[in-house]
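So the sequences go chain by chain: A and B.
So the number in the working numbering is just where the residue sits in the first sequence, counting from 1, plus 6.
So the number in the working numbering is just where the residue sits in the second sequence, counting from 1, plus 6.
If you are wondering where the hints come from, they were derived from the structure by calculation, not from laboratory data.
Watch out, some of these pointers could steer you wrong.
Note that identical chains are pooled: a pair holds if it fits in a single copy or bridges any two copies.
As the list claims (entries may be wrong) - Pairs of lysine-lysine residues, derived as DSBU-like cross-links and limited to a Cα-Cα distance of at most 35 Å, are as follows: (1) K185 - K77; (2) K169 - K56; (3) K77 - K134; (4) K184 - K99; (5) K184 - K112; (6) K185 - K150; (7) K169 - K77; (8) K185 - K63; (9) K108 - K130; (10) K72 - K185; (11) K184 - K77; (12) K72 - K134; (13) K77 - K108; (14) K56 - K77; (15) K99 - K72; (16) K169 - K134.
There are 2 protein chains.
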Amino acid sequence: MIKYSNGQIFTKKPKKSQQLSRKSNSFSHGNRGMNLEGDINISNEYYKIKGLCLITKRPTPINVVKVDYSKGAIITNAYFEKQSTTDYNGVWKGRYIDFEAKSTLKTTSFPLANISTHQIEHLKHVLKHNGIAFFIIEFARLEKVFYLDAKYVIDFYENSERKSIPYGQFLIHGYEIKKGYTPRLDYLVILEEIYGNS
Amino acid sequence: MIKYSNGQIFTKKPKKSQQLSRKSNSFSHGNRGMNLEGDINISNEYYKIKGLCLITKRPTPINVVKVDYSKGAIITNAYFEKQSTTDYNGVWKGRYIDFEAKSTLKTTSFPLANISTHQIEHLKHVLKHNGIAFFIIEFARLEKVFYLDAKYVIDFYENSERKSIPYGQFLIHGYEIKKGYTPRLDYLVILEEIYGNS
Numbered sequence: 007m008i009k010y011s012n013g014q015i016f017t018k019k020p021k022k023s024q025q026l027s028r029k030s031n032s033f034s035h036g037n038r039g040m041n042l043e044g045d046i047n048i049s050n051e052y053y054k055i056k057g058l059c060l061i062t063k064r065p066t067p068i069n070v071v072k073v074d075y076s077k078g079a080i081i082t083n084a085y086f087e088k089q090s091t092t093d094y095n096g097v098w099k100g101r102y103i104d105f106e107a108k109s110t111l112k113t114t115s116f117p118l119a120n121i122s123t124h125q126i127e128h129l130k131h132v133l134k135h136n137g138i139a140f141f142i143i144e145f146a147r148l149e150k151v152f153y154l155d156a157k158y159v160i161d162f163y164e165n166s167e168r169k170s171i172p173y174g175q176f177l178i179h180g181y182e183i184k185k186g187y188t189p190r191l192d193y194l195v196i197l198e199e200i201y202g203n204s
Numbered sequence: 007m008i009k010y011s012n013g014q015i016f017t018k019k020p021k022k023s024q025q026l027s028r029k030s031n032s033f034s035h036g037n038r039g040m041n042l043e044g045d046i047n048i049s050n051e052y053y054k055i056k057g058l059c060l061i062t063k064r065p066t067p068i069n070v071v072k073v074d075y076s077k078g079a080i081i082t083n084a085y086f087e088k089q090s091t092t093d094y095n096g097v098w099k100g101r102y103i104d105f106e107a108k109s110t111l112k113t114t115s116f117p118l119a120n121i122s123t124h125q126i127e128h129l130k131h132v133l134k135h136n137g138i139a140f141f142i143i144e145f146a147r148l149e150k151v152f153y154l155d156a157k158y159v160i161d162f163y164e165n166s167e168r169k170s171i172p173y174g175q176f177l178i179h180g181y182e183i184k185k186g187y188t189p190r191l192d193y194l195v196i197l198e199e200i201y202g203n204s
């Protein structure tokens with residue numbers, strides 16, 4: 007049972023079907039991302055409906071080269087651009103929230119190659135302006151999801167000689183995000199724990 | 007001369023060439039939007055470099071139907087989706103900022119048809135969570151740009167029988183955003199004025 011600061015209470019039910027589908031999926035690149043992204047999107051929708059916070063996903067940036075106006079406006083030539091910021095941002099108690107979600111198939115460490123220099127720069131700016139910045143990182147094969155402060159990731163990215171963050175560091179510096187029924191991935195309880203009284 | 011709360015000072019030079027091109031443009035739908043959008047984007051870039059705030063533009067949402075992987079990943083069939091949120095959001099002094107920018111060719115009022123119900127709903131959520139929400143509205147032919155609080159717009163949208171906000175209301179309830187050289191549209195001085203001491 008979780009009690010939010012606004013007094014709302016709800017219980018969490020483990021969803022067996024979801025865990026099974028997670029286990030049985032092929033861990034293709036697309037599925038992997040979509041599972042974590044889908045879980046976060048559903049959680050954000052839950053938070054919005056419950057009036058707990060408002061977090062939105064930035065659309066994938068696409069560079070449009072050609073549009074056919076003969077049948078409405080159909081894009082006939084375009085390509086995906088790399089996200090220069092992060093996937094999610096929003097507001098919680100007036101405060102700015104910004105985070106990136108990543109999933110890895112590795113079981114012993116999280117490769118920093120998953121994070122772009124642009125994203126690190128973006129998160130440094132967020133921190134400079136006192137925003138709350140973090141990563142949600144999934145170890146898909148371990149079925150574990152962690153909250154890891156952006157400060158820690160930036161420091162590791164810039165100062166460590168290692169090219170990946172060992173799993174053990176997540177246990178020390180991260181917070182495990184519990185999977186549940188509603189919300190699917192309750193990262194807001196972690197924000198409450200860290201920033202709730204500030 | 008503008009003095010920001012962090013002590014930075016800069017002078018504003020009117021840019022004649024910009025004003026001329028503004029006057030001479032054809033006010034086509036595309037140009038119009040791009041002028042205002044371009045001016046805001048350049049101002050945001052300036053704010054970022056100067057370390058004053060971090061505001062980013064959400065990419066236009068595009069629904070991708072077909073991707074050709076034979077030559078990389080070329081999108082061959084897709085269409086534009088309506089933005090269900092607003093164009094811009096970000097962080098200033100830890101606070102969440104969210105706004106929509108609109109331009110009109112009308113000279114006596116701003117038609118509410120320019121704003122979608124989804125955007126009104128989104129901004130209501132932002133205000134509920136104590137975010138700072140507003141509109142930047144350009145009267146292109148009058149060469150005037152205003153800051154108008156989202157609360158006022160939402161109230162007008164929901165309670166007025168009029169389908170457009172009269173220009174006079176902008177003079178009473180809005181703040182004129184001065185055009186300058188850097189930043190092109192200095193809306194941050196208005197945030198300083200309204201929220202600087204809160």
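Checked hints:
1. When the C-alpha separation of K185 and K77 is checked against a cutoff of 35 Å, the pair qualifies neither within a copy, at 45 Å, nor between copies, at 39 Å.
2. Taking the closest pair of Cα atoms, K169 and K56 come within 35 Å of each other only across two copies (32 Å); inside a single copy the shortest separation is 40 Å, beyond that limit.
3. For a Cα distance limit of 35 Å, the shortest separation of K77 from K134 qualifies neither inside one copy, at 47 Å, nor across copies, at 41 Å.
4. Taking the shortest Cα distances, K184 and K99 sit within 35 Å of each other both inside one copy (22 Å) and across copies (31 Å).
5. For a Cα distance limit of 35 Å, the shortest separation of K184 from K112 inside one copy, 20 Å, qualifies, whereas the shortest one across copies, 53 Å, does not.
6. Taking the shortest alpha-carbon separations for K185 and K150, only the intra-copy value of 9 Å comes in at or below 35 Å, while the best inter-copy value is 51 Å.
7. For a Cα distance limit of 35 Å, the shortest separation of K169 from K77 across copies, 31 Å, qualifies, whereas the shortest one inside one copy, 49 Å, does not.
8. In the homo-oligomer, the alpha carbons of K185 and K63 lie at most 35 Å apart both inside one protomer (20 Å) and across protomers (31 Å), since each shortest distance falls under that limit.
9. When the C-alpha separation of K108 and K130 is checked against a cutoff of 35 Å, the pair qualifies both within a copy, at 18 Å, and between copies, at 30 Å.
10. For a Cα distance limit of 35 Å, the shortest separation of K72 from K185 across copies, 33 Å, qualifies, whereas the shortest one inside one copy, 42 Å, does not.
11. Proximity of K184 to K77 under the C-alpha cut-off of 35 Å is found in neither arrangement, the shortest distances being 47 Å within a copy and 41 Å between copies.
12. Taking CA atoms no more than 35 Å apart as the test, K72 paired with K134 passes in neither setting, with 39 Å inside one copy and 40 Å between copies.
13. Proximity of K77 and K108 under a CA criterion of 35 Å is satisfied inter-copy only: 26 Å between copies versus 38 Å inside one chain copy.
14. For the identical chains of this complex, K56 and K77 are neighbours neither inside a copy (41 Å) nor across copies (45 Å), given an alpha-carbon limit of 35 Å.
15. Proximity of K99 and K72 under a CA criterion of 35 Å is satisfied in neither setting, with 42 Å inside one chain copy and 40 Å between copies.
16. In this assembly of identical chains, K169 and K134 lie within 35 Å of each other by CA distance solely inside one copy; the values are 25 Å within and 42 Å between copies.
Consistency note: the structure conflicts with the earlier hints numbered 1, 3, 11, 12, 14, 15.
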